[in-house]
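Protein chains in written order, with this note's numbering: chain S, 1 to 325; chain P, 1 to 325.
Worth flagging that the hints you see were computed from the coordinates, not collected in a lab.
Hints should not be assumed to be uniformly reliable.
Because identical chains cannot be distinguished in the list, a pair is counted as satisfied if it fits within a single copy or across any two copies.
Calculated lysine-lysine pairs in the DSS-like style (CA-CA distance at most 30 Å, straight line) [as the list claims (entries may be wrong)]:
| id | residue 1 | residue 2 |
| --- | --- | --- |
| 1 | Lys95 | Lys59 |
| 2 | Lys193 | Lys95 |
| 3 | Lys59 | Lys46 |
| 4 | Lys312 | Lys101 |
There are 2 protein chains.
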Amino acid sequence: MRIELNEVASILKANDNYLILTHRNPDGDTLGSGFGLMHALRQMGKSAKVLCCDEIPAKYSYLYSDGDVGDVDGAYVIAVDVADEKLLGEGVYEKYSGKVKLCIDHHISNKEYAEKLYLRDCSAVCEIIYDLLVMLGIKKDAQIADCLYTGISTDTGCYKFSNVTARTHEITAKLMAIGANTVEINKLMFESKTRGYYMLESAALSTLEYYFDGMCAVMTITQKMLNDSGTKESDCDGISGIPRKIEGVLVGATLRERPDGTFKVSLRSHDPVDCSKICLKLGGGGHARAAGCELSVENIERDKQLLLDTIKEELDRDDRIYTAQ
Amino acid sequence: MRIELNEVASILKANDNYLILTHRNPDGDTLGSGFGLMHALRQMGKSAKVLCCDEIPAKYSYLYSDGDVGDVDGAYVIAVDVADEKLLGEGVYEKYSGKVKLCIDHHISNKEYAEKLYLRDCSAVCEIIYDLLVMLGIKKDAQIADCLYTGISTDTGCYKFSNVTARTHEITAKLMAIGANTVEINKLMFESKTRGYYMLESAALSTLEYYFDGMCAVMTITQKMLNDSGTKESDCDGISGIPRKIEGVLVGATLRERPDGTFKVSLRSHDPVDCSKICLKLGGGGHARAAGCELSVENIERDKQLLLDTIKEELDRDDRIYTAQ
Chain S
1 MRIELNEVAS
11 ILKANDNYLI
21 LTHRNPDGDT
31 LGSGFGLMHA
41 LRQMGKSAKV
51 LCCDEIPAKY
61 SYLYSDGDVG
71 DVDGAYVIAV
81 DVADEKLLGE
91 GVYEKYSGKV
101 KLCIDHHISN
111 KEYAEKLYLR
121 DCSAVCEIIY
131 DLLVMLGIKK
141 DAQIADCLYT
151 GISTDTGCYK
161 FSNVTARTHE
171 ITAKLMAIGA
181 NTVEINKLMF
191 ESKTRGYYML
201 ESAALSTLEY
211 YFDGMCAVMT
221 ITQKMLNDSG
231 TKESDCDGIS
241 GIPRKIEGVL
251 VGATLRERPD
261 GTFKVSLRSH
271 DPVDCSKICL
281 KLGGGGHARA
291 AGCELSVENI
301 ERDKQLLLDT
311 IKEELDRDDR
321 IYTAQ
Chain P
1 MRIELNEVAS
11 ILKANDNYLI
21 LTHRNPDGDT
31 LGSGFGLMHA
41 LRQMGKSAKV
51 LCCDEIPAKY
61 SYLYSDGDVG
71 DVDGAYVIAV
81 DVADEKLLGE
91 GVYEKYSGKV
101 KLCIDHHISN
111 KEYAEKLYLR
121 DCSAVCEIIY
131 DLLVMLGIKK
141 DAQIADCLYT
151 GISTDTGCYK
161 FSNVTARTHE
171 ITAKLMAIGA
181 NTVEINKLMF
191 ESKTRGYYML
201 ESAALSTLEY
211 YFDGMCAVMT
221 ITQKMLNDSG
231 TKESDCDGIS
241 GIPRKIEGVL
251 VGATLRERPD
261 GTFKVSLRSH
271 DPVDCSKICL
281 KLGGGGHARA
291 AGCELSVENI
301 ERDKQLLLDT
311 IKEELDRDDR
321 IYTAQ
């Protein structure tokens, strides 16, 4: 059942002993909104903890203290930034499926699995939590401001993505006035890359190839590059976005070699190219602007050609795209 | 002579026929504040043009129209975001040295060369222009909002740098509400790079050297790299930020070779290292977190060692930094 924000506030006042669930592979918004809400509930005299199926990356350690993370039996269960129960992840999904009483989310694709859902299409769940805390009369608190700034800044690519609104900046101004430690948080979230990351990026950039009058760029990351740079697969996330950033490119593909020699393909596109259509044809899937599929190991050259042909087909199909032909 | 913002407003009301000078190698803030001010002056019924010694990069073309750029004889001369007359650049410096009547700037290192100076230490001159336009009662205008958003977003690395304050976000919220086309501007400023840029980045990254237990990283861009990649000096701006982003690095230096063989040094630091102190000792200047100086051509190795020694001195000087010694 969809509810309004004042009903969320009433629920939080009426109950006690909260367990806040985040999604798996936790990011700044699920953690920022989870811990922000946890600190606020404690200020209200309630007990609250956060549970995540995965280990929380060390860079987020400023959001909480020892003892804030863990399971609580018989608690009132809230999920934040979790569009689908399955995203609660291994262990947490099995235990809490069908048991989430309240979900606070900003994904319009939310599966409405919770008993009550507050959904708003905005840049980050932390924007919603901010409004909620104002409604609840929570005292200004620098640690809560840190939590909410973390969610908003990370889910907007530090105010670069198209989900940013005037309200996003307004809330950020308030969080800074409260004392959010934005300099340190920005450093941790956006300005801190390993030496290995840049070794990998340098090598990957040197493989860039262009097709179809420069409308498609393909970058390759080999196992050798990963080994030489001492980086992990998670380090590739930022790099996959590069081919699309190149002037004139409508579809950017990153081919990432797996230890078994197969390749994971990450596609990114600009309007009007739909990556998910391309990837669906190749057995993968995803969103319009970001999707993925796999290339087999037996014949990588043949599979790469198939990928390029499928991309070409999609470019030709859309008569809003002016191709040379 | 230092003046207050209301005096700047009075001057703009009292005169007509303005020539607004930007600094050489124009960036988003000097152009955004220049054209933002130009559009506002025209709204006030005044004539105004912008002059820049260098060609304005094509990506900024949405800021102005044909005929907005050029020299005007007998005009009231204003400089925006120009800390030192010499930065007016070839041709403009020779003609307008000693003739700037009003300078609006945010560099605390401003040389006070203008007859009247309004100086405020804030993220971008565009923040000052915003306050000035409010004071002048300029009507809300989406193109002016585009200009001011451009300066603020680029001078803050899209809200990532430590120069961002609550006021920076407040002003941005207002600019978005007025209709600044932030999605398109962000794409142009931050998500649109040339093929050459990435060739240059790949080559530059491969030169990274580390000093002083990894607290200092040095990257070199040679004329050969610029030639091979077909990039211009202005393409280097984004790259200069990289060394500081590496984990553990407190001072990042980028050495950029000029056609004559001299090197321009861009320093970027994290708190508490003061780049401007390092650069001042070497005949340069700038801000605490971003500053610059020059290395001569006669003995680049000796000069580079001098730069490293000066950096080391600054690292050792501050007892908040734990060095291995």
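Cross-check of the supplied hints:
no.	hint	verdict
1	Lys95 to Lys59	within (28 Å within a copy, 53 Å between copies)
2	Lys193 to Lys95	neither (34 Å within a copy, 45 Å between copies)
3	Lys59 to Lys46	within (27 Å within a copy, 53 Å between copies)
4	Lys312 to Lys101	neither (41 Å within a copy, 57 Å between copies)
The structure does not agree with the numbered hints 2, 4 stated previously, though it agrees with the rest.
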